[in-house]
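So the chains spell out like this:
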Amino acid sequence: MLRLLFRFSFSVSLLFAAALVLRAAPESTAQPSARAQLIAALIAPPAQQVAAIRALVGVEDSAITPALTAWRAGELYLVTLADGTHVPATLAPDPGVEGQQIAMSVDSASPLLDTVSGKPLVFVLNQLKPLDTTAPLRRAIRDVLEVAGVSDPNPATRRESVERLGQSRKAEHLPLLKARLIIEKVSVVRAALTDAIAFIQLADTDPKIRLAAIDSLAEAHSLAAAARFKEQLAAIPAPAADEGAAMVTALKKIEGHWQVVNFFGNLFRGLSAGSVLLLISLGLAITFGLMGVINMAHGELMVVGAYATYLVQKLFISAFGLGSFGFNFYFIAALPVAFAAAAGVGLLLERGVIQFLYKRPLESLLATWGVSLALQQTFRLVFGPANVQINAPSWLQGSAAVSDVLFAYNRLFVLGFAGLVVLGVWLVLNRTPLGLLVRAVMQNRQMASCIGVRTSHVNMLTFGFGSGLAGLAGACLSQLGNVGPSMGQLHIIDAFMVVVSGGVGNILGSVAASLGIGTVDQLLQPVLGAVMGKILVLFAIILFLQWRPGGLFPTRNRSLD
Amino acid sequence: MSSPASASVLDVEPRFFSRAQWASFLVPTLILAVLLPVFNALLPDGNLLHPSIFTLNLYGKYATYAVLALGVDLLWGYLGILSLGQSLFFALGGYAFGMHLLLMIGKDGQYKSDLPDYMVFLGYKALPAHWEPFHSFGFAAFAVLAVPALLAFVFGWLAFRSRIKGVYLSILTQALTYAAALLFFRNDFGFGGNNGFTDFKRVLGADLNSVETRRGLYIASVLLLAGVFLLYRWLTRAKFGHLMQAIRDGENRVLFSGYATARYKLFVFVLVAAITGVAGALYVPQVGIINPSEMTAEKSIEAVVWVAVGGRGTLLGPILGAIFVNALKSWATRAAPELWLYFLGGLFVTVVLFLPGGLISLPGKFKAACAWFRPKPPVAPDEAPPAPSTAPAALGH
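Those protein sequence lines, which keep their order, are chains A and B.
Counting from 1, position 465 in the first sequence corresponds to residue 497 in the working numbering; the numbering is continuous, with no gaps.
Counting from 1, position 76 in the second sequence corresponds to residue 88 in the working numbering; the numbering is continuous, with no gaps.
In case anyone wonders, no lab produced these hints; they're calculated from the structure.
Worth double-checking, as some hints may not be accurate.
[As the list claims (entries may be wrong)] When the alpha-carbon atoms are kept at most 27 Å apart in a straight line, the in silico BS3-like pairs for lysine-lysine are as follows:
| id | chain 1 | residue 1 | chain 2 | residue 2 |
| --- | --- | --- | --- | --- |
| 1 | B | K73 | B | K377 |
| 2 | B | K73 | A | K391 |
| 3 | A | K284 | A | K262 |
| 4 | A | K262 | A | K202 |
| 5 | A | K391 | B | K311 |
| 6 | B | K177 | A | K391 |
| 7 | B | K311 | B | K177 |
| 8 | A | K240 | A | K262 |
Values in this document were obtained by computation on a predicted structure and should not be read as measured data.
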């Protein structure tokens, strides 16, 4: 207990010390000299520049990173003032006059003033020649930036630079990383720091430290370490026996972990792809499965939903501004709009074309194909042939990681949403008066008509409902992929395959088939590649229909045509 | 099931062609296959009757399309199978012959290598073994027939055996075409990927760019069309043809009468696939390129539209439809490229909704309309009313 306390107080004091070194010191005394050092390095003669830049490694100053980044990108200029002195500066667009650039001093990060008139110095782009860089200079800049990145305020940048330093395997970075580990608070960066330190320690002279590093990396399931271990095990002066054994166990541990992670990742991706398929094919399961209409324009109805989402997004951007709090709700508002838009187009299609073709299913295929061509061309003329930009609301961006398995929020959302939609469809079909009529008409149109059901009415509403579901699918797809005029064509064949292999006229069949097809497809893809996996699934479906021509859950029927 | 089509089966004419029909078959065939090439060869360039070689080439292309459309029609109009995989068979025939043409380039390709250009580009060291036999024209010709036929046999055997029909068969053939197109789009499948085969130089030793060869290809296409027309006419007129239509109108009844309907369907499916392959093989040297975009489901559906527009269930209709729609396409894509898809889409919808018999039914409709306006003579009691138009209605199940 005492020991623990002692340890604790020791680490706290260390922490304070380090914080003093890293934080307080530069702010009070070192800053002017660091800034001066930077300026001196920038205007030094080319021969001495590399050494001067290298001297900046580890120096803390807020001006270093922007100045060096600009230099590397060829955006740093030496402005000669009226008194003949050279001052390093970057250019910023002048808000007042278009095409003119204001020189921003690196030293003060404010506009450079003319020594005579006292007004900001203004240049036209290309008037100044950017500061030259050479290959050794760029290397020096990179080293400085990497070390500076470790104390960057942005955790993502910190993590990246820490990882790069670890990959460099240079022992000289060890003290910096260790010091940072003490004050670092963000857990991912801490993990990256531990890994980087262990990675550098793999080449330590002390075998004990090396062994500890191997264990630590195995614990962290580091893939980079696995590659390194493999390399070392295959190297000609093989590592010492105990070290080799440790590496082999570490390798096994790391690889086993990633196999599990990949499996679950693929499973999740498969379920997610399946839920997308499900959303697309649910509408089809109603229009094709229940009503027997081959609607080749189903994909285009989906695109209508996607474009409706796009328009709602545009509206929200103009009302609230991109990225604002209100903007994040656009997707919620877009869902009913997408449903309504697609349902509206579907109703028009049913009234205009399909209602005449209920007895001629093969011809409904041709007519709706014609409609789909016209719709595609309309999308092209209205929204342009290129994909439109859809910005995800902030709550659909990013992902949650559960022991290295990534769950993207947008995919999680689609998965849950698909479940809700299935539930909704089931409720509508089985628990509402409309659903009763729908089922009656779909089972036997003539008989339903005889007992007084207005079949034409029911047909219209059912088709509109199926089309609206396509619109919802389109809205969801807009969060997962590109939205363009030919987006519908990509999914229509898959959707038909789902309905056929699930068993026509059966929602449950479509659910099972889409989740099954999506998962098998995703599990095959890493083995066979995207296209071959897809082809194999298609052939598997064709063969599956040999075995069960009616699909997974065929509708039993005694009638024979 | 008392559609006009099944009624028309009963009034079969005993003869294959009446004298007038022979004349109306032979005259256009001779004009297209003999007169036009002769005019092209003999008349000077500016003459009104001189068809340019470009025109002949275009007609040759239409003729191969018409053969494709005839196949779709035999399956759809007579057998009730709406296959959306016909463009696949067309393209497979084209690819098989394209392989031969590609090997015939020899060292005249861009890379001056024995290997086809795209293989050099992809870093092949030697010709793959399955390409070797395609050096021989005979083998290529055999493959043109055999490859589509084999695929049709395997797929048809599986599909017809488990009695997949109607809409489901259409969707499956569409999926098959889609899968095949995906496969051919891949570079590592070994058939030129995206770009397919092109830059052909010669066929049977003759320069493909010379007027004589192109004229010959045109004549071959027209003769193929005429031959296929005769063959299909014979098939549909024979007892076999009646069975096909019976299967279309009531497959289960035919089945219960003791016919193995699956075999009949399989036979027609394979036969049509092989013939469509030949059309594809003639198409490729005339347009000079074959790539996977020829085997997409869209192309298949386009061919179905030619048939629907021309008039399905007749043999003249698909030919007219193929020529009409393609002529319209080449005109409209030049005159109003943005509106072409509206045109095509509108054509689909209009024909399906308002003209189920296709263009070929127009004269009959016109006559009926005229008769309706004319004062009706008193009908003799034993005189039968005029036969309705030949277009079959209601093919649904």
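Checked hints:
1. B:K73 with B:K377: 31 Å, violated
2. B:K73 with A:K391: This hinted pair is violated, its Cα atoms lying about 36 Å apart.
3. A:K284 with A:K262: 11 Å, holds
4. A:K262 with A:K202: Given pair K262 (chain A), K202 (chain A) holds - Cα atoms ~20 Å apart, limit 27 Å.
5. A:K391 with B:K311: OK: K391 (chain A) and K311 (chain B) at ~26 Å, within 27 Å.
6. B:K177 with A:K391: Judged against 27 Å, a Cα distance of about 16 Å means the pair holds.
7. B:K311 with B:K177: Holds, because 21 Å separates the two Cα atoms, which is no more than 27 Å.
8. A:K240 with A:K262: Cα-Cα ~20 Å, so holds.
In terms of the numbered hints stated before, the structure departs from hints 1 and 2, listed from lowest to highest.
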